[in-house]
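Visitor: Here are the chains, one letter per residue:
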Amino acid sequence: QKEVEQNSGPLSVPEGAIASLNCTYSDRVSQSFFWYRQYSGKSPELIMSIYSNGDKEDGRFTAQLNKASQYVSLLIRDSQPSDSATYLCAVNINWEYGNKLVFGAGTILRVKS
Amino acid sequence: ETGVTQTPRHLVMGMTNKKSLKCEQHLGHNAMYWYKQSAKKPLELMFVYSLEERVENNSVPSRFSPECPNSSHLFLHLHTLQPEDSALYLCASSQEAMGSTDTQYFGPGTRLTVL
Numbered sequence: 001q002k003e004v005e006q007n008s009g010p011l012s013v014p015e016g017a018i019a020s021l022n023c024t025y026s027d028r029v030s031q032s033f034f035w036y037r038q039y040s041g042k043s044p045e046l047i048m049s050i051y052s053n054g055d056k057e058d059g060r061f062t063a064q065l066n067k068a069s070q071y072v073s074l075l076i077r078d079s080q081p082s083d084s085a086t087y088l089c090a091v092n093i094n095w096e097y098g099n100k101l102v103f104g105a106g107t108i109l110r111v112k113s
Numbered sequence: 001e002t003g004v005t006q007t008p009r010h011l012v013m014g015m016t017n018k019k020s021l022k023c024e025q026h027l028g029h030n031a032m033y034w035y036k037q038s039a040k041k042p043l044e045l046m047f048v049y050s051l052e053e054r055v056e057n058n059s060v061p062s063r064f065s066p067e068c069p070n071s072s073h074l075f076l077h078l079h080t081l082q083p084e085d086s087a088l089y090l091c092a093s094s095q096e097a098m099g100s101t102d103t104q105y106f107g108p109g110t111r112l113t114v115l
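As you go down the protein sequences, you meet chains A and B in turn.
Start counting the first sequence at 1; every next residue gets the next number (the working numbering).
Start counting the second sequence at 1; every next residue gets the next number (the working numbering).
Extracted from the complex, chain A is given alone in its bound form (with noise of 0.2 Å):
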């Protein structure tokens, strides 16, 4: 089992449309989520981090975490065009050194105008 699965899509939305992306994990005890957006040929961009069960809201972005369910998700709502990128999942995860973080392989989202 991979330690983060995210869901490779593309996922398609039109304009105005809530986007949805989930993702989960293997680590029970992590304790940090993080949702990144990474364009084409840019680096990753810390979009919003997550540590208690619940939602936060930043804006158009809600992240979502449910540690019983090792699942956290991110909705954008009131899509746009310039949201269209690369959404990694990135998550806290015990290593032998101390915590690492382990991202998984990223949702293609593409907002339709």
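Just so you know, these hints were derived from the structure itself, not from any lab.
Below, simulated DSSO-like cross-link-like pairs (lysine-lysine); rule was C-alpha separation at most 30 Å, straight line:
1) K41/B / K18/B
2) K36/B / K22/B
3) K19/B / K36/B
4) K2/A / K67/A
5) K56/A / K40/B
6) K112/A / K56/A
7) K2/A / K36/B
8) K42/A / K56/A
9) K18/B / K36/B
10) K56/A / K67/A
11) K42/A / K40/B
12) K112/A / K40/B
13) K40/B / K18/B
14) K42/A / K22/B
15) K2/A / K56/A
16) K40/B / K2/A
17) K67/A / K40/B
18) K36/B / K67/A
19) K41/B / K56/A
20) K67/A / K41/B
21) K22/B / K41/B
22) K41/B / K42/A
23) K36/B / K42/A
24) K42/A / K112/A
25) K18/B / K42/A
26) K42/A / K19/B
27) K2/A / K42/A
28) K2/A / K41/B
29) K41/B / K19/B
30) K40/B / K22/B
31) K40/B / K19/B
32) K112/A / K41/B
This one's a predicted model, so the numbers in the text were calculated from it and none came from an experiment.
Put chain B on the given structure of chain A with help from the hints.
Guide: Then chain B, alone, in the frame of chain A:
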């Protein structure tokens, strides 16, 4: 993001060349990282430095050699690379190394092509 800078942005090298990638962070962080991102694969952690001390990562080939002279600078020395080493190499930094709530910030990356 200008907090973490990387040079060069693009590099083409032959298999017998020796080159170095440079990373500098201006965020006052104590930890720095090298990642490799190949096409359609997740980011792979290569090396971690915490307060200039390296955390071993035995899975990385010896043709990659990191150096961290101080907490703001990180280098990746490359020699006798293989074509499969062509990838985007990303540097990142964080306030603390390998903490449970560690947030990492990335530089723009170096696009490396090995001929």
